[in-house]
Every structure is written in structure tokens, then in C-alpha cells.
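J.: Chains A and B supply the protein sequences, listed in that same order. Counting in this note's numbering, the first sequence runs from 1 upward without gaps. Counting in this note's numbering, the second sequence runs from 1 upward without gaps.
Treat the hints as calculated values from the structure; they're not laboratory data. Check each hint, because a few of them may be wrong.
Quick list of the computed label-pair ranges, beta carbon to beta carbon [unchecked claim]: (1) V72/B / K89/A: 46 to 54 Å; (2) G265/A / G34/B: 31 to 39 Å; (3) K300/A / V72/B: 33 to 41 Å; (4) P288/A / D21/B: 49 to 57 Å; (5) S33/B / E304/A: 32 to 40 Å; (6) G58/B / E304/A: 35 to 43 Å; (7) G265/A / N6/B: 48 to 56 Å; (8) K382/A / G34/B: 44 to 52 Å; (9) G34/B / K140/A: 37 to 45 Å; (10) G86/B / E188/A: 32 to 40 Å; (11) E120/A / S76/B: 44 to 52 Å; (12) E99/B / K300/A: 33 to 41 Å.
In silico EDC-like links for lysine to aspartate or glutamate, alpha-carbon gap of 16 Å or less [to be verified]: (13) K21/A / E99/B; (14) K68/A / D57/B; (15) K60/B / D21/B; (16) K139/A / E93/A; (17) K21/A / E25/B; (18) K4/B / E15/B; (19) K244/A / E129/A; (20) K130/A / E68/B.
Just so you know, even glycine gets a beta-carbon here, dropped at the ideal spot from N, CA and C.
Here are the chains, one letter per residue:
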Amino acid sequence: MGKQFYVQTKNIRESRFIHKKLLISRLDIELAERCNNNCIHCYINLPADDLLAKEKELSTAEIKNILKEAVSLGCLVVRFTGGEPLLRKDFEEVYIFARRCGLKVMLFTNATLITPHLAELFCHIPPLEKIEVTLYGMKKDSYEAATRVSGSFEAAQRGINLLLEKKIPFVVKGALLPSNKEEIDEFEAWAKIIPWMGKPPAYAMFFDLRCRRDVRKNELIKKVRLSADEGLKILTRNKSRYIKEMKIFCAKFIRPPKDKIFSCGAGCGGGCVDAYGKFQLCMMLRHPDTVYNLRCGSLKDALENFFPKIRKIKATNREYLSRCANCFLKGLCEQCPAKSWEEHGTLDTPVEYFCEIAHTQARFLGLIEKDEKAWEVNNWKKRISDFVKRDVIN
Amino acid sequence: MELKINLDDIYAPSEDVVARDIQGEFILVPVTSGIGDLEDEIFSLNETGRVIWEKMDGKKTLRAIAKELAYVYAASQKEIEEDILGITKELFNRKMIVEAKPKK
Ligand code: SF4
Ligand code: SF4
Numbered sequence: 001m002g003k004q005f006y007v008q009t010k011n012i013r014e015s016r017f018i019h020k021k022l023l024i025s026r027l028d029i030e031l032a033e034r035c036n037n038n039c040i041h042c043y044i045n046l047p048a049d050d051l052l053a054k055e056k057e058l059s060t061a062e063i064k065n066i067l068k069e070a071v072s073l074g075c076l077v078v079r080f081t082g083g084e085p086l087l088r089k090d091f092e093e094v095y096i097f098a099r100r101c102g103l104k105v106m107l108f109t110n111a112t113l114i115t116p117h118l119a120e121l122f123c124h125i126p127p128l129e130k131i132e133v134t135l136y137g138m139k140k141d142s143y144e145a146a147t148r149v150s151g152s153f154e155a156a157q158r159g160i161n162l163l164l165e166k167k168i169p170f171v172v173k174g175a176l177l178p179s180n181k182e183e184i185d186e187f188e189a190w191a192k193i194i195p196w197m198g199k200p201p202a203y204a205m206f207f208d209l210r211c212r213r214d215v216r217k218n219e220l221i222k223k224v225r226l227s228a229d230e231g232l233k234i235l236t237r238n239k240s241r242y243i244k245e246m247k248i249f250c251a252k253f254i255r256p257p258k259d260k261i262f263s264c265g266a267g268c269g270g271g272c273v274d275a276y277g278k279f280q281l282c283m284m285l286r287h288p289d290t291v292y293n294l295r296c297g298s299l300k301d302a303l304e305n306f307f308p309k310i311r312k313i314k315a316t317n318r319e320y321l322s323r324c325a326n327c328f329l330k331g332l333c334e335q336c337p338a339k340s341w342e343e344h345g346t347l348d349t350p351v352e353y354f355c356e357i358a359h360t361q362a363r364f365l366g367l368i369e370k371d372e373k374a375w376e377v378n379n380w381k382k383r384i385s386d387f388v389k390r391d392v393i394n
Numbered sequence: 001m002e003l004k005i006n007l008d009d010i011y012a013p014s015e016d017v018v019a020r021d022i023q024g025e026f027i028l029v030p031v032t033s034g035i036g037d038l039e040d041e042i043f044s045l046n047e048t049g050r051v052i053w054e055k056m057d058g059k060k061t062l063r064a065i066a067k068e069l070a071y072v073y074a075a076s077q078k079e080i081e082e083d084i085l086g087i088t089k090e091l092f093n094r095k096m097i098v099e100a101k102p103k104k
């Protein structure tokens, strides 16, 4: 009859299904735009007790319907994020529902709301993906200078200890802020005790502005953003590893985009549902013209009809067309429709902060000369291939 | 738990596993912990495994399933019975199926 092995144990990841042209392999859901922390650098935290926001949020039934549809379309992973997803009173119900639908769950959390009961739940019904915890400092002072909530450091410690005690797989990430940037070594040494880390923690450091374009809060974010030089110093702490990774990256991903504004995979094989049922191509892009209202539509319609239409949008901004369209650093540079939306309220305006970061890195890598503008470089293919071939000298 | 599997036994999918067909790939997603060897693993069944899984409905004996398959597959009843006993053991050891009727 058939082959001898019937049950193959595999850690099947959603990427396995991407080549099969699944409409959706992973779905992000922001369960709340609210957060119990008040981080200075955050692009999305409304106050935990924001009643107006709470009232507008998707109901439990609406979230379940979205999950059901995602599963029917072949989705394998749902990522619950926020704001702080654990703020929702129905988190447990939604989580169990997702798992009972056969979804793996990724959870992005600050860990402050992980209770013994929740840890027990994650033990009994494992998420099947590592929980991702962001930590804002190694000490009460540095942590709470970022979160601006007294007691949040102890709460995060409690949550993390519960995960460790119960052996619930998780990883930690950092956000590099003026208050904690001297603690990197301590953070990385501590992260090594977490059995599921595998590699050093990732950091957010070139912060995004507010996703709903809040001018006052943007000023705060700009103040805590690392400069391009500071960022480079951190990126190149392990110089040879950085250069090795950049060679692979640049050979594969950087090139002038012409008038295409989406060079990324936004809206392909997934998307992000915001707390109010608006379906976005990715977690960041909230320009009102690019979001789809799931309250009067379906994931399928958005993925089949709406997103492809948005992805075809071409740049019309003259500055973008004369700069980014011809710039071979696109890819290394984080310029994209979402960043343009956050900074300028458009889809195609160059963002100077990310432009400077990309140019600083490119100068370090020898891709451009001092004072050279990447969009003026014609022989970019040769520059990339020379860089890829060059030996690394420490 | 070691189990002596008998062709007159009846099995059904465990409620702690969700079977899904994602574009022709048949996978079993564990819901509770303790299914399989590693907690973050998803399992896939090949075509034969899938057919047998789908026939384990909590009503048919393994022998009845073997009989049904003998009509479809070009193999002897005995070969099919051996295959079914093999997969049943594997699935049961992984807690993916449960006995529908307790053994006497
Ligand atoms: S943030 Fe920008 S680059 Fe990333 S997926 Fe969204 S649109 Fe694309
Ligand atoms: S480096 Fe500057 S010019 Fe190049 S893509 Fe980025 S923002 Fe545009």
C-alpha cells in the first residue's frame, strides 16, 4: 500500500505554503490600540482606559469571524499584537478560539499582564510560536523612563519569570532609548539565560512616528530616535558579522525601484487587521486610501481585489521620482509608503531620517563616497558586486 | 502508554488535535500540550495516512476500515490491516486519536 511513514513531525512554518500561492498564510491582528504602558517612543499606544477607543474595538464575535475566515483561506499563523493585546478582557477566549481553529498564535506583549492563570493556559494550550516580549530597560529607572508607568518594571519581571518558570517558549526584544542604550551588554548577557533565544535580541532603534500622525507625540519620538551615526555604531558592534549579512542582503534586495512604491511584500499572503476592523496591507500602513473595512467586506475580497489594486499605485511625487525612484539604496533604506504616510501623510515622499540612515550605512560599506548621493550613482550594479566580492578587514 | 491494538477496536480523532487541509497538504495541529514529541510541532499525514485518519470516525472498527480500503487499493487485506495497525499505533502514541470504546 502506501509509504511506511504516515505521521511526519515537522515544524511547519507558514512560509512552506507561500509558494503555493495561498491567499493568506499569516494574519496580524491588533487586538487593541491601547496599552497599559505609555512608552515615549511608541507609534501606537493609546491610554489603557481610552473609552472611545475601547468602544470602537472589534467585538469578540467579530474577531472570531475574521479568524474563521482566515482559517478557511488556509491561514496557519495569527499574530496578536497591539497596543497591548493582553489588555482585552476576552483575550483568553479569543486565544483558545484561534488555537482550536488550528492556528498557531504569535503573541507580541510587554509581559506586564501575564498572570499565573495565563501562564497556565499557555502551558496547557501552547501557542506553538515563541511569545515575543519587548523589554525597555534592565533596571527600574531605565525601564520606567521609557514606559512612564510606575510599577511597570516589576510587572514585566513578574511576567517574564512566570514564562521562565512554566517553560513557555519566548524571546525578548529591546528598544534602544537614551535611558537604556548603555545597557546593551547587560541586556544581551541576561538574554542568554533564556533557553529559546537562539540569537542575540533584536532592537527597535530607528523609531517610526505615530501611526495616526499625532504631531505632539511625534516630537517626543523624534527626540529619542538614534542619529544615523549612533545607529551605525550599534549595527557594527560586530563588524564582520554586519558586513557579511549586508553583503547577502545587498546582493539580493537593493536596487532602484523606479516609480513602483511597493518593493516589499505588503498585502501579499497576509495583512494586518487594526483594532477597529480596518484591514491594512501591513502593520504600519494606515493611509486611509489603503485600508479596507472588514466590517463591510471580507478578507478574501481585500486580498483578491483591494490589496492588488493598492500595490499597483505608482509614485507621482516629483521629488520621489527624481530621488528614490533612481536610488539603488532602496531596500537598505526603509523608505516605503508606510513611512511616507507616517512622516508626511502621503505615500511617496522621501523621508529624510531614513535617507540619512541609509546613506550613512552605504558610506560605511563603501557603496558610496563621502558627499555622494545614492540616486546620482549610475554604476550601482558594479558597486554592489565589488562590495560583495571585497574581503572584510576587521 | 503502550497499547495492544486490535483490529476490532474503534478509534476517533482526539479533540485536542485539529486536522486541516492547506492546499492539499493534510496537517494535524495540536491544541493541547503533550501531543507528539515537541510542543511546537505540526504533523503532516501522507495520502494513505489521511485516508485512514478520515475513516477513523469513532464508529468503524479498524477491520471495517481495512475492508473499505481493500476495495480501493491494490493490496491484500492482510497488508492493509498491517498498515492500519501501524498508523493507529503511531497516532495513538502521539495522543492524536482516542479509543472510541474502552477495551474490555
Ligand atoms: S512598513 Fe513599508 S516596507 Fe514594511 S511592509 Fe509596510 S509598506 Fe512595506
Ligand atoms: S536613501 Fe533617500 S533617496 Fe534613497 S530611497 Fe531612501 S529616502 Fe529615497
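J.: Hint by hint, say whether it matches the structure.
T.: Here's how the hints hold up against the structure:
no., hint, result
1, V72/B / K89/A: 46 to 54 Å, "holds, 51 Å"
2, G265/A / G34/B: 31 to 39 Å, "holds, 36 Å"
3, K300/A / V72/B: 33 to 41 Å, "holds, 34 Å"
4, P288/A / D21/B: 49 to 57 Å, "violated, 37 Å"
5, S33/B / E304/A: 32 to 40 Å, "holds, 37 Å"
6, G58/B / E304/A: 35 to 43 Å, "holds, 38 Å"
7, G265/A / N6/B: 48 to 56 Å, "holds, 52 Å"
8, K382/A / G34/B: 44 to 52 Å, "violated, 57 Å"
9, G34/B / K140/A: 37 to 45 Å, "holds, 38 Å"
10, G86/B / E188/A: 32 to 40 Å, "violated, 48 Å"
11, E120/A / S76/B: 44 to 52 Å, "holds, 50 Å"
12, E99/B / K300/A: 33 to 41 Å, "holds, 40 Å"
13, K21/A / E99/B, "violated, 38 Å"
14, K68/A / D57/B, "violated, 24 Å"
15, K60/B / D21/B, "violated, 23 Å"
16, K139/A / E93/A, "violated, 34 Å"
17, K21/A / E25/B, "holds, 13 Å"
18, K4/B / E15/B, "violated, 22 Å"
19, K244/A / E129/A, "violated, 28 Å"
20, K130/A / E68/B, "violated, 42 Å"
Comparing the model with each earlier hint shows violations of hints 4, 8, 10, 13, 14, 15, 16, 18, 19, 20; every other hint is respected.
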